[in-house]
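Novice: Protein chains in written order, with the numbering used here: chain A, 1 to 301; chain B, 302 to 867.
Hints were generated in silico from the structure; no laboratory data involved.
Possibly wrong hints are sitting among the right ones.
[Said to hold, decoys possible] To give a feel for the contact side, a few chain B residues facing chain A, derived at Cβ under 8 angstroms:
{"id": "1", "residue": "ALA418"}
{"id": "2", "residue": "ILE541"}
{"id": "3", "residue": "MET776"}
{"id": "4", "residue": "ALA812"}
Ideal placement from N, C-alpha and C gives every residue a C-beta, glycine not left out.
These are the residues of each chain, in order.
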Amino acid sequence: MSDHTHHHDDEHDPVYFQYEQIDQQQETYVLGMWSFLVTEVLFFGALFMLYIIYRWKFQDDFYLVHEQLNWKLGGLNTAVLLFSSFMVAAAVHYAQKKRKTQQLICLGITLLCAFMFMMVKTKEYGDKWSHHLIPNKAFSYGEHHGGGGELGGQGEHAAVLPNGGKITLASGATNMGGEGASHDEFQYHPGNGTIAPQPREKPAFLKFLDGVFAPLDMPEKEQHGSPEHARLFLSLYFLMTGLHGVHVLVGIIVISALMILTIKKAPTITDYIPTEMVGLYWHFVDLVWIFLYPLFYLIPK
Amino acid sequence: MSSTVVETTPKVEPQVEKNYLNADHTIKSWLLTTDHKRIAVLYLISVTVMFFFGSVAAALIRYELTAPRGLLLSSEAFNKTFSAHGVFMVFFFLVLAIPATLGNFLVPIQIGARDLAFPRLNLLSWYLYTIAAVLVLISMFMGGVDAGWTFYTPLSSTYSNTQITLCLVGIFISGFSSIATGVNFVATIHKMRAPGMTWFKLPLMIWSTYATSVIVLLGTPVVAITLFLVVVERAFGFGIFSPELGGDPVLFQHLFWFYSHPAVYIMILPAMGIISELITCFSRREIFGYKFVAFSSMAIAGIGFLVWGHHMFISSQSVYQGIIFSLISFIVAVPSAVKVFNWSLTLMKGSVHFSTPMIYALGFLGLFVIGGLTGLYLASVDTDVHLTGTYFIVAHFHYVMVGGTIMAFLGGIHFWWPKMFGRMYSEFWGKLSAIIVFVGFNFTFFPQFILGYLGMPRRYHLYYFAPEWQVYHIMSTLGSSILGIGFVLPAIYLTHSLVKGRKAEANPWDARGLEWEYTSSPPITENFAKTPVFRGKVYDYDAVADAAKYEGEIEPVIEGKGRTNV
Ligand SMILES: [Cu+2]
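Kindly produce the complete structure, drawing on both the sequences and the hints.
Specialist: So this is what it looks like as structure tokens:
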């Protein structure tokens with residue numbers, strides 16, 4: 001955030017000492033906010049890039065695992081955020097018209113929407129937690145079908161890593177295809193991650209190609225999906241929605257601060273610029289979710 | 302001076318009692334300052350400390366390499382040493398040394414503003430930097446990191462058993478320090494220029510800083526989130542880059558170099574800005590092709606984002622990608638060459654004065670040309686296949702980073718030192734150490750081109766399989782000792798000048814620009830007694846010569862230095 005709460009010692013002078021006039025100051029603040037939002041776009045942009053590449057590679061698996069997400073709750077949150085974006089726009093409008101009561105009401109509704117969004121998000125995260133879908137050491141995708149835990153009956157080699165972790169390699173498999181490794185920080189065996197209790201009869205070189213090329217037409221995968229790719233999808237889901245959630249939390253803090261300062265008639269809030277900047281930020285947060293919702297919750301078959 | 306460049310009440314205030322340094326003496330007044338000049342000084346101290354740590358690591362590396370089987374370090378310790386050297390020098394010195402110190406000091410003054418647009422954000426950026434630096438230092442003293450400054454996955458995310466998490470958190474935080482400064486500079490340069498200071502009257506230092514800030518805004522968030530992903534993968538087992546978790550480690554390289562190639566320009570563009578200032582001043586001549594130099598900065602900022610793949614010619618990239626990245630890498634060399642030609646042509650018809658800053662600037666020209674031209678070997682795919690991962694690369698980027706950025710940084714510090722601290726240093730020691738740096742630098746890094754061509758791999762500390770390389774390593778280490786002296790000397794005589802140095806006039810170099818002609822040395826807290834109105838033209842050095850020619854008289858502008866205007 002730019003330092004929009006910056007103020008000069010002289011309470012009656014809303015123009016800070018480095019500026020010549022109020023117009024210049026207002027334009028500079030808005031420009032600073034836009035520059036900051038550019039960095040935010042690139043911050044999320046890197047994650048979207050990763051998402052695009054992995055989805056392009058693992059379209060089928062992503063489709064299968066995306067059914068674990070609750071599109072109704074996601075849709076509710078989309079509606080909530082869209083409405084809040086409308087409310088914050090109205091708050092900016094009233095701030096420009098200097099109608100303080102209406103401005104505060106709109107900001108208050110925005111704040112309530114933000115809280116509601118976070119509550120729904122907490123419920124969703126909680127569901128994932130209880131289903132072991134957080135991609136940490138307790139991760140287990142399709143855990144009730146653990147028939148293939150013996151790595152398809154193949155031999156197994158273990159290598160101890162310098163960090164005390166262990167890599168286990170199924171013989172005949174190549175570890176480049178995401179085959180059979182385990183890290184000390186999570187217990188994950190690819191063999192028990194399949195919904196259908198099929199052994200891995202697919203030749204190792206084909207598994208290797210899975211990770212390199214666009215989705216191949218492999219009918220048996222459409223039944224369950226690869227647990228590695230499920231982990232990938234859920235990792236991206238938690239990272240991107242988590243980062244977005246952090247932005248919502250920051251928004252809650254910023255909107256609350258703006259409301260308090262407006263009520264207290266603080267000298268820094270004499271014009272509409274702080275509200276405009278908070279509005280820009282909140283529109284950005286909304287916009288990110290507008291992309292996140294279809295990408296994660298609404299993957300077409 | 303005949304032509305009035307600026308319109309003001311006092312041209313040079315006679316004996317200014319109050320300035321930004323003596324405005325307040327308490328520690329608190331420094332640690333809570335929002336004055337861009339004081340923050341520049343804080344940054345100068347911080348980056349010098351980090352440069353010291355980086356240099357100690359470099360010295361250890363050079364000492365270790367004097368014998369084919371090493372002298373001092375185990376393999377693990379050597380890995381940690383070169384990693385520490387890279388992390389300190391790249392993330393905590395090079396990417397911000399010039400913008401955060403000279404940029405912070407000069408941007409408001411050169412455009413005629415009283416401060417940056419967001420002074421508190423500026424202070425916040427220094428605190429973020431300091432917190433980040435402390436975290437990284439802790440990670441280094443708790444055992445260090447061994448993945449190099451590039452932190453390639455899956456080594457960094459899965460296999461390494463070192464303090465990578467803490468170190469990456471530190472680098473992540475330092476990214477926000479850079480972003481804060483970048484936002485500040487962009488807003489300031491757009492909106493805070495004095496009346497009459499139009500875009501094409503801006504000093505080229507400002508153009509460079511602006512281009513740098515654009516790169517910072519577009520690149521830094523990407524590397525920040527990328528390194529954060531490695532942290533998440535290490536700490537929680539999220540799968541993004543590790544192949545065991547379904548990820549693709551090469552994607553890390555793409556994202557990393559998407560920032561880290563443009564980061565080269567974050568390091569070199571401000572240096573180019575300084576060189577433009579120095580060359581014009583000490584050639585007593587307007588810069589040749591102002592707009593070409595200005596726009597080439599913007600061209601570098603733009604094209605620089607399209608060449609990252611030249612770091613990955615052997616990283617499973619397709620042949621076609623390689624060809625395209627190679628082509629664009631050749632194209633990005635053009636704007637840099639434009640600058641070099643413009644500087645050379647400025648020198649050609651100028652009347653060159655070999656003051657200390659100018660010696661650094663001329664050193665920069667020579668070293669940067671070698672650094673840039675050897676880059677072409679690495680930009681073309683087939684020679685790169687032979688040279689990649691060898692000391693040729695090490696030599697190449699040190700020619701650009703040390704020969705370019707650090708030469709310019711030292712030149713700039715010597716040029717603006719009288720303005721920043723109001724004291725003159727000893728010209729003798731200044732010139733001597735500039736020459737020592739130049740000689741020591743070439744001794745250190747030129748042999749590394751040969752070593753790399755012969756096949757010495759970077760990041761190795763053993764070369765018993767090719768003991769004939771030892772002679773080059775010993776040359777390099779001797780050179781680095783000379784270079785070290787060249788770095789220690791300025792630290793001594795510049796510090797000494799703060800106490801014993803002769804008081805500097807407002808414009809000791811008879812230079813042009815608001816900072817020289819319109820502020821005292823050191824400037825007052827508000828920079829200008831009255832908002833300047835800029836009516837002259839930028840780099841108006843011909844005016845002096847013209848005055849002499851037509852009025853038949855030469856007024857000595859610099860008293861006591863024996864150097865007069867042309
Ligand atoms: Cu590069």
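Novice: Hint by hint, where does the structure go against what was stated? Just the numbers, ascending.
Specialist: Hints 3, 4 contradicted; others consistent.
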